[in-house]
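Engineer: Sequence:
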Amino acid sequence: MDELLSVAVMQEQLLNMSNPLAALDLPLLDAHGASLASDLLVDEKLVIKSGQRIDSTQIALAASLGLDRLPCRPQPRVVILAPVMI
1 MDELLSVAVM
11 QEQLLNMSNP
21 LAALDLPLLD
31 AHGASLASDL
41 LVDEKLVIKS
51 GQRIDSTQIA
61 LAASLGLDRL
71 PCRPQPRVVI
81 LAPVMI
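The sequence shown begins at 1 in the working numbering and counts up by one.
For the record, the hints were derived by calculation from the structure and aren't laboratory data. Don't take every hint at face value.
Beta-carbon label-pair distances, calculated as ranges [stated by the list, open to error]:
id	residue 1	residue 2	range
1	D25	A60	15 to 21 Å
2	A63	L14	22 to 28 Å
3	S56	L5	41 to 47 Å
Each residue gets a CB set at the ideal place from its N, CA and C atoms; glycine is no exception.
Whenever a hint applies, use it, and build me the whole structure from the sequences.
Structural biologist: As C-alpha cells, then:
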C-alpha cells in the first residue's frame with residue numbers, strides 16, 4: 001500500500017529535488033521580467049542587487065552604464081497537473 005505524505009513533507013521533498021535555473025547572459029530588452037543572477041557592481045559600488053527583478057528602470061540604468069547584456073535567471077514556468085476522474 002502507498003504511504004500518504006503530508007503537503008509539507010511533499011513540498012520539502014520537491015524543493016530538495018529542484019535546482020535553480022542556470023543564469024543566462026541576456027540582451028537588455030530580453031532581460032525584462034527576469035531576475036538578476038549576480039550583483040551588478042560599478043567601481044566596487046553595488047548598482048543592482050542579485051535577485052532583483054529587472055524592469056525598465058534597471059534596463060535604463062544598465063544601458064546608461066554602457067552595458068548591452070545582463071546575467072539573468074528567467075522566471076520559472078509552473079505547470080500544475082491534476083488527475084482526471086472519469
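Engineer: Indicate, hint by hint, whether the structure satisfies it.
Structural biologist: How the hints compare with the structure:
no.: 1; hint: D25 - A60: 15 to 21 Å; verdict: 19 Å, holds
no.: 2; hint: A63 - L14: 22 to 28 Å; verdict: 38 Å, violated
no.: 3; hint: S56 - L5: 41 to 47 Å; verdict: 43 Å, holds
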